[in-house]
Amino acid sequence: MKPALYLRDKVFFLTAIIVILCIVMAVTFPAQFATIDNFSQLLLNLSIDTIVAVGMMILMIAGMFDLSVGSIVAFSGGMAGYLMYYHNVNFLLAIAAGIGGSVIIGFLNGWLIARARINPMIQTLAMMGIVRGLALMLSGAGIQNFSYEFVYIGQSKLLGLQAPVWYMLAIVLLFIFLVRRTIFFRKYYFIGANEKAARFSGIRVEKMKIWAFVLSALLAGIAGILLSSRLGAALSTSGKGLELRAITAVILGGASLSGGYGRIAGAFLGALFMALINNMLIISRVSGYWQEIILGCILILAVGLDQWLLKKIENK
Amino acid sequence: MIAKNIFLLLAFAACWSCEAPPRPAASSTAIKSNEKFITSDVINPNEEYVMVTTAINLPLYVNHDQAAFKKWGEKMGVRISILGPAEWDVPAQIATLEQVITGKPAGLLVNGTDPGIAQAIKKAVAAGIPTIVYDSEIPNSDRHCFIGSDWYEMGRLQGERMAKILNGKGKIACIGILGLENMEAGFRGLQDVLKKYPGMVFLGTYDDKANVETAARITADLLSANPDLAGIAGFDSNTGPGMALSVKEAGRVGKVKLTTVDFEPEHLRLVKEGVIDYLIGQKRELFTWLGAQFLFDMRHKTVALSGNDALAGVVPVPKTIITGSIEIDKTNVDIFLQNLKERK
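As they're listed, the protein sequences go chains X and Z.
Per numbering that gives the first Met the number 0, residue 0 is the first one in the first sequence, and the count goes up by one each step.
Per numbering that gives the first Met the number 0, residue 0 is the first one in the second sequence, and the count goes up by one each step.
Wrong hints could be hidden among the right ones.
What follows is a set of in silico ranges between Cβ atoms, one per label pair, in the way DEER data are often shown [stated by the list, open to error]:
id : chain 1 : residue 1 : chain 2 : residue 2 : range
1  : Z       : Val61     : X       : Gly303    : 28 to 36 Å
2  : X       : Tyr85     : Z       : Lys103    : 35 to 43 Å
3  : X       : Ile35     : Z       : Asn43     : 20 to 28 Å
4  : Z       : Asn225    : X       : Phe28     : 25 to 33 Å
5  : Z       : Asn43     : X       : Thr27     : 19 to 27 Å
6  : X       : Arg116    : Z       : Lys329    : 57 to 65 Å
7  : Z       : Gly203    : X       : Gly303    : 22 to 30 Å
8  : X       : Cys21     : Z       : Gly323    : 47 to 55 Å
9  : Z       : Lys329    : X       : Tyr85     : 43 to 51 Å
10 : X       : Ile103    : Z       : Met75     : 53 to 61 Å
11 : X       : Gly159    : Z       : Asn307    : 45 to 53 Å
12 : Z       : Ile325    : X       : Ser283    : 32 to 40 Å
13 : X       : Leu308    : Z       : Val61     : 34 to 42 Å
Keep in mind the hints are simulated off the structure, nothing from the lab.
None of these values were measured; they are calculated from a predicted model.
Glycine is no exception: its CB is placed at the ideal position from the N, C-alpha and C atoms.
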């Protein structure tokens, strides 16, 4: 690949920025940043966002997005917690109920958008409120004291990394393979690029759309279970603002709001980039008042630089 | 063949290094190492005390908790940092806390926003960092000390005052943030009092999501739906100004009795105007001033309770401090307003 083509590849571009940021941080804060503890914490903190961002990436490749994923994260953990704590349900059944409920929510979103033709933004915005309300009803003031088996899922460690990091890596690798190699997932690129053409070429667009929402909700449901297990608590506030973080990560990672573009590795790198910025601001003790402003400016700068480079290459 | 061997080796390494979380009984608040704490009053230039909260720019936090913490830092000549998300986002507060732990600060002051932060606090304690929770208690967190308010009592006091103002009769509603442990305790305290008065009807608890506009909208709806509404009890800092706004707009000042928490300048002004009847305030400055001082004392072993507190497993600060609350109504509001003028 020529250097110019590398620059056009957002995954490469983002990787380069991440590497530069890491070097700058390691030189500036060697004792705080360049430690195994900090890196394992960084990966742990981005694991939930990344799992959700993978689902969001598939939706955005198909030209859609889901604003209810953050609420589904709270619902899934809340449902499992509620069943285990108040009804002494076995932890595996409780997890199945949490994830199963999430899948039903995803199906409802997909069906109403694809079949009833409700605008995805309106539908998922409404669902976001409904599901957050359900999560609030289930979790109340927070549910704690889960069984050891449930807590084990999110708090055990392997090679020094906490379990959610491994789940995240497994999901990312699985979906990189699926999106690259299977016809089923390749169809989403056609749908996102030109829905009409995809329909004429025999792709069952409505069905594919429903599956995309089911998949996104399934991943959000898994993320919710992992988050509850990691925290040892089901919180009604879990996943607040996660939908926007996931969309930002996915766009940073190369997806387009109009659909047809994007790679799973991009979703991971987008989430990693945001987690890194957050980590950087905390380590450098930037006050919370400034964090939002700086984060916004860095995001604009990253996307702006990417667009500027792209234009330069096209003009050559 | 080589790939297969590498895979087997990695699989073996993975199984060998799999680490289960500690069983609940294994946790301890004892400070395990003697070396983790300094034995003199000399301040290390790198000695940093960190406050981790959520909704970092909430005026209530800025004007009370953070202001006292900053003053304490100036007085003691130590570095202080205040970190946390701008929104009310507990998982983001946990993520911040866990990242701060890796830097091993001299002490941690954690706003007890939700029981869900217990695991992160346990991590801090396990890492040997003196850790104090303030505002609301976090059960099962192993924290070294808790300094804060008794929210059940704050709800109970609001209920008693409401019953007194209304002579034990009338319809009452309650507005706050649903799903927060401290507020739910406050709601219970209020309702337990109301149960003692058969003439008082409890309409329900409503969520204003810590937002003035939402509190105002809910109040307006309650006033429309219940023309005979007698009173509303508020439970978060934004509820008071929100419900006062709607009661004023509806021309029902004095007819609908309002009680709420906190005593920000806006709350005090509304009491002076006669819109709000009763405020129950927290001694928030004490949370962070005393909390920071305790962290310093732990770090510097200011008070020794045994030959070697660390080895004896003694935590040389109080386990729990309930600072009590401040009751404000028309009879004493001027004193608090005067204090505000002097501060300016």
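We went through each hint and held it up to the structure:
Between Val61(Z) and Gly303(X) the CB atoms are about 32 Å apart, so this pair conforms to the stated range of 28 to 36 Å. Our hint of 35 to 43 Å for Tyr85(X) and Lys103(Z) holds, since their Cβ atoms are close to 39 Å apart. At about 24 Å, the beta-carbon gap between Ile35(X) and Asn43(Z) stays in the expected band of 20 to 28 Å. One distance hint, 25 to 33 Å for the beta-carbon pair Asn225(Z) and Phe28(X), is violated here, with the actual separation near 57 Å.
Evaluation of the 19 to 27 Å hint for Asn43(Z) and Thr27(X) yields a pass: the beta carbon distance comes to about 21 Å. The given range of 57 to 65 Å is respected by Arg116(X) and Lys329(Z), whose C-beta atoms sit roughly 59 Å from each other. Roughly 49 Å separates the CB atoms of Gly203(Z) and Gly303(X), a value that falls outside the hinted 22 to 30 Å. For the hinted restraint 47 to 55 Å between Cys21(X) and Gly323(Z), the CB-CB distance of approximately 49 Å keeps it satisfied.
Against the hinted window of 43 to 51 Å, the Cβ-Cβ separation of Lys329(Z) and Tyr85(X) comes to about 45 Å, which satisfies the hint. The supplied range of 53 to 61 Å is met by Ile103(X) and Met75(Z), whose beta-carbon atoms lie about 56 Å from each other. At roughly 32 Å, the beta-carbon separation of Gly159(X) and Asn307(Z) lies outside the given 45 to 53 Å, and the hint is violated. In this structure, Ile325(Z) and Ser283(X) meet the distance hint of 32 to 40 Å, their C-beta atoms being roughly 38 Å apart.
Roughly 41 Å separates the CB atoms of Leu308(X) and Val61(Z), a value that falls within the hinted 34 to 42 Å.
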